[in-house]
Every structure is written in C-alpha cells, then in structure tokens.
Amino acid sequence: MVDKKYLLNSIQMAQFVAKGYLRFDELVPKAINDRIMQDIDAGAVKPAAAGTPLSQCYLPPSAVGEMIRMPEVAGIIESLVGPDPLFDHQAVHVREPNEDSAQAMHGDSTIDTRLAFDIQLMYFPHDVTRDMGGTLIVPGSQYRRINEMDIARYQNFLGQIQTVCKAGTLLIVHHGIWHCGRQNKSNQKRYMFKVRLNPAVRQLRLWNTDDLTGEESKPQILFDGSHKIPELQAILNSREPWFENGDGRLEVINRIKQWRFLTGDDHFDAYYWLTRLENEPEAVRGGIHF
Amino acid sequence: MAAIRQKILILYLATSALDDVVKGWTVYDGTGKEAHTTGDSDQPPYKTGLDALKDGWRLIQFPQLIPPYPGLELTTSFQKYEFVFEKLEEV
Chain A
157 MVDKKYLLNS IQMAQFVAKG YLRFDELVPK AINDRIMQDI DAGAVKPAAA GTPLSQCYLP
217 PSAVGEMIRM PEVAGIIESL VGPDPLFDHQ AVHVREPNED SAQAMHGDST IDTRLAFDIQ
277 LMYFPHDVTR DMGGTLIVPG SQYRRINEMD IARYQNFLGQ IQTVCKAGTL LIVHHGIWHC
337 GRQNKSNQKR YMFKVRLNPA VRQLRLWNTD DLTGEESKPQ ILFDGSHKIP ELQAILNSRE
397 PWFENGDGRL EVINRIKQWR FLTGDDHFDA YYWLTRLENE PEAVRGGIHF
Chain B
143 MAAIRQKILI LYLATSALDD VVKGWTVYDG TGKEAHTTGD SDQPPYKTGL DALKDGWRLI
203 QFPQLIPPYP GLELTTSFQK YEFVFEKLEE V
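If you read the sequences in order, they're chains A and B.
Position one of the first sequence corresponds to residue 157 (this note's numbering), numbered consecutively onward.
Position one of the second sequence corresponds to residue 143 (this note's numbering), numbered consecutively onward.
Mixed in with the good hints there might be a few duds.
Calculated pairs, SDA-like style, for lysine to any residue (alpha carbon to alpha carbon, straight line, at most 25 angstroms) [unchecked claim]:
#: 1; chain 1: A; residue 1: Lys413; chain 2: B; residue 2: Lys196
#: 2; chain 1: A; residue 1: Lys322; chain 2: A; residue 2: Lys374
#: 3; chain 1: B; residue 1: Lys189; chain 2: B; residue 2: Lys229
#: 4; chain 1: A; residue 1: Lys413; chain 2: A; residue 2: Lys341
#: 5; chain 1: B; residue 1: Lys222; chain 2: A; residue 2: Glu255
#: 6; chain 1: A; residue 1: Lys322; chain 2: B; residue 2: Asp182
#: 7; chain 1: A; residue 1: Lys384; chain 2: A; residue 2: Lys341
#: 8; chain 1: A; residue 1: Lys350; chain 2: B; residue 2: Thr179
#: 9; chain 1: A; residue 1: Lys413; chain 2: A; residue 2: Lys345
#: 10; chain 1: A; residue 1: Lys374; chain 2: B; residue 2: Lys196
#: 11; chain 1: B; residue 1: Lys149; chain 2: B; residue 2: Leu214
#: 12; chain 1: B; residue 1: Lys175; chain 2: A; residue 2: Gly221
#: 13; chain 1: B; residue 1: Lys196; chain 2: B; residue 2: Thr217
#: 14; chain 1: B; residue 1: Lys175; chain 2: A; residue 2: Leu362
#: 15; chain 1: A; residue 1: Lys341; chain 2: B; residue 2: Thr157
#: 16; chain 1: B; residue 1: Lys175; chain 2: A; residue 2: Ala230
#: 17; chain 1: B; residue 1: Lys222; chain 2: A; residue 2: Asp306
#: 18; chain 1: A; residue 1: Lys160; chain 2: A; residue 2: Gly221
#: 19; chain 1: B; residue 1: Lys149; chain 2: A; residue 2: Lys350
#: 20; chain 1: B; residue 1: Lys222; chain 2: A; residue 2: Lys341
#: 21; chain 1: B; residue 1: Lys149; chain 2: A; residue 2: Lys374
#: 22; chain 1: B; residue 1: Lys222; chain 2: A; residue 2: Ala308
#: 23; chain 1: A; residue 1: Lys161; chain 2: A; residue 2: Leu362
#: 24; chain 1: A; residue 1: Lys345; chain 2: A; residue 2: Asp422
#: 25; chain 1: A; residue 1: Lys374; chain 2: A; residue 2: Gly221
#: 26; chain 1: B; residue 1: Lys189; chain 2: A; residue 2: Lys374
#: 27; chain 1: B; residue 1: Lys189; chain 2: A; residue 2: Gln318
#: 28; chain 1: A; residue 1: Lys322; chain 2: A; residue 2: Trp429
#: 29; chain 1: A; residue 1: Lys345; chain 2: B; residue 2: His178
#: 30; chain 1: B; residue 1: Lys222; chain 2: B; residue 2: Ile146
Simulated from the structure, these hints should not be mistaken for lab results.
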C-alpha cells in the first residue's frame, strides 16, 4: 500500500482522463537512470510472463524494479491501475542515429472498447533532445476507436507533443493514445523503455479523493463568462487543438463517461453534455396515464 | 520531354467546409525532392483548405458526409474531414 501523499489528486486524474497522459519530468534520480542504461545495454532487463503480478517482476537488484518501486512512481501506478497490477509486456525501443524516417502513427495492441484501461510507462533514461526524436503523442486521442496502424497516414496534428526531456522523465499514457517514435536525426542512439500494466481491481476511486467535495460535480450556469466553472469540469470540457468541431464535443462526452466509471458517480456531468442526452421523461403531464 | 510526378497534400479540417481551419496534415512527394514523415512539423502548411487552393493545389477528394452508423452516433474514430489535394510537377 502506497502512502496517500504519493497518490495522484483528482485534478491530475482529470487531466489524465482528458489528455490520456501525465508527464513527470526528471522524476527518477540519476543513479537509477545510469544503472538502467547499463542494464539495457547489457540486455539484463528481463520481462516476466504476461499476467504476472508486478510485485513479482523486476526483483532486486533490478534497477528497473528500483524505479518502479519508488514511492512516487508506485503512487502514480496505484492511482491509475490499483495495487499490484499485472505486468503485460515491456519493450526497449531504440531509435538508431540518422534515421530516414519516423515510426508511423499508431495505437498499441488492438482496437479496445473498454472503459477499464491499461497504462503504459514510457521512461526516458537519458536526456532527449529535439533532434533525437523522442516519442510523439497526440493528447486526447485515447478514446478514438482505431485499430493499430489504421492511422499510419496521419503525419502531424495541431497540438501534438514531441517529447523533449531530461533523463529520468516518465510519461504515463492511456493504452489507447496515438503515438509514434519520431525520426532520430542525431548521431546518438535514443532509448525509451516501456512497460504496460493491466489493472487487477476495478478502477474505482483509486487515487487520493480527499479533494472531491461534491462542488466539482454540481450543475453549472452555461455560456456565462462571469461564472467560474469548477476546475475539474473545465479540464474535462477542454478541447485539443486538433479536434474537429463536432467530434471535439463527443470527446468531452467520452471523458464524462470515463470520469463516471472512475468515481462511480453515474450522475456526474461537465457542462450538461451528457445529462441533456439522457433526458427522456416518462412522467405524463397532470399524472394521467393512458 | 520532362516527366511529371504527383505531390499529394492531405489536410484534415475542423468541419466539412473547405475554407475551415487545418487540424492535421500529411504530405507525400512523388518528385522525391522532399521526404516527409510523422511528426516532422508542428505548424500546418496552410491555415485553411482554401488557402491550399489559392496556392495552386488541386482538390481531388472531398470527404463525403455519411450519417453515423446506428449505435455509433457518439463514437469517435478517424478524422472525418479529410481533403486530398495534388500538384503535378516536372522532374
């Protein structure tokens, strides 16, 4: 059990629900980064069988295990996929120097229609400059129903994020997020170590929910610029620069459904988007039944 | 006689209107002069689809407006407003 102070808060969770990722810069200390790089180069980072509880993976003296068991990292994992999630697979992604092209845009695994979600830890053990081609992600793409490389023709989107970071940075992404390894134009190899984790429990209020007071889920006055909307609803209602006008609204509905799933609050809404669609009154005027 | 090669520009727009703003873009250059790939630029080549026409690109595909399949009205998937342009260039 992770100390509550290391769990995510509700605003961070809403940001994950909205954008499909969280980023933690330079979270892992240099001593662990250096040892992980040595282990990667030596081929010493060994995966477990799919479905193995994470507590049985990367046992000491594994440097990767040391990273995953850092309370800050363990708190992120537990907030999103619960205690002792299942190891799915790992990958050491290497982008060779002076490549001709990038990896095509894709979503990992297959089309996946669950509200339950896996997470992927994308860990950068060394500094990544822009030329080195850090992982590109498309924020807010995680709910789009596509199958793997179906989207390979998409080269660029407004608001795409090119990962440029210092050593020890972690991206935690929803399994459905669109991404690719960018072209490495530098003279150095570029590494990214990835671990996919599956929840072993229902993903219900796993983070630090002390900041949920009920205010954040109250109906709001709409289209009134003078009225302050709770931050949580504003995050869920935000649009990514690449969203089409119409589907951008549907993405907000996707997020509301995800938030309801995570909180167990079947009446939660942001900006009335879903409540409006659910309104099919059955009461008859004057109480007369025909 | 010079050979002709095709350049393809795909713009993903905000709505079905050609003069709306660009949200995503892809380029394939059959002349071999340019090599485009995923994540190679953060700024679109044009602000709107119409701006591409004004710069000499010929529109060769308009996205059809197809009603959502029953049961999938709230589902999001591919970019809906994919406009395909071409230019023919001598090599």
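Holds or violated: lysine 322 of chain A and tryptophan 429 of chain A, Cα atoms, limit 25 angstroms. It is violated: about 39 angstroms lies between the C-alpha atoms, which goes past 25 angstroms.
Is the Cα-Cα distance between lysine 175 of chain B and glycine 221 of chain A 25 angstroms or less? Given pair lysine 175 of chain B, glycine 221 of chain A is violated - Cα atoms ~47 angstroms apart, limit 25 angstroms.
Would the pair lysine 222 of chain B and lysine 341 of chain A pass a check requiring their Cα atoms to be no farther apart than 25 angstroms? Violated, at about 32 angstroms.
When you check the alpha-carbon spacing of lysine 175 of chain B and alanine 230 of chain A, does it fall within 25 angstroms? Between lysine 175 of chain B and alanine 230 of chain A the Cα gap is close to 49 angstroms, so the pair fails against 25 angstroms, i.e. violated.
Would the pair lysine 189 of chain B and lysine 374 of chain A pass a check requiring their Cα atoms to be no farther apart than 25 angstroms? violated, 39 angstroms
Given the hint that lysine 196 of chain B pairs with threonine 217 of chain B, test it: the Cα-Cα distance must not exceed 25 angstroms. violated, 34 angstroms
Given the hinted pair lysine 350 of chain A and threonine 179 of chain B, is their Cα-Cα distance within 25 angstroms? holds, 23 angstroms
Is the Cα-Cα distance between lysine 413 of chain A and lysine 196 of chain B 25 angstroms or less? violated, 42 angstroms
Hint check: lysine 189 of chain B vs glutamine 318 of chain A, CA-CA at most 25 angstroms. Holds or violated? holds, 21 angstroms
Straight-line Cα separation of lysine 149 of chain B and lysine 374 of chain A no greater than 25 angstroms? violated, 52 angstroms
Would you check the hint for lysine 149 of chain B and leucine 214 of chain B, treating anything up to 25 angstroms between C-alpha atoms as holding? violated, 35 angstroms
Keeping to a limit of 25 angstroms between CA atoms, is the pair of lysine 222 of chain B and isoleucine 146 of chain B held or broken? violated, 31 angstroms
Checked against the numbered hints above, the structure breaks hints 1, 2, 4, 5, 7, 9, 10, 11, 12, 13, 14, 15, 16, 19, 20, 21, 24, 25, 26, 28, 30 and satisfies the rest.
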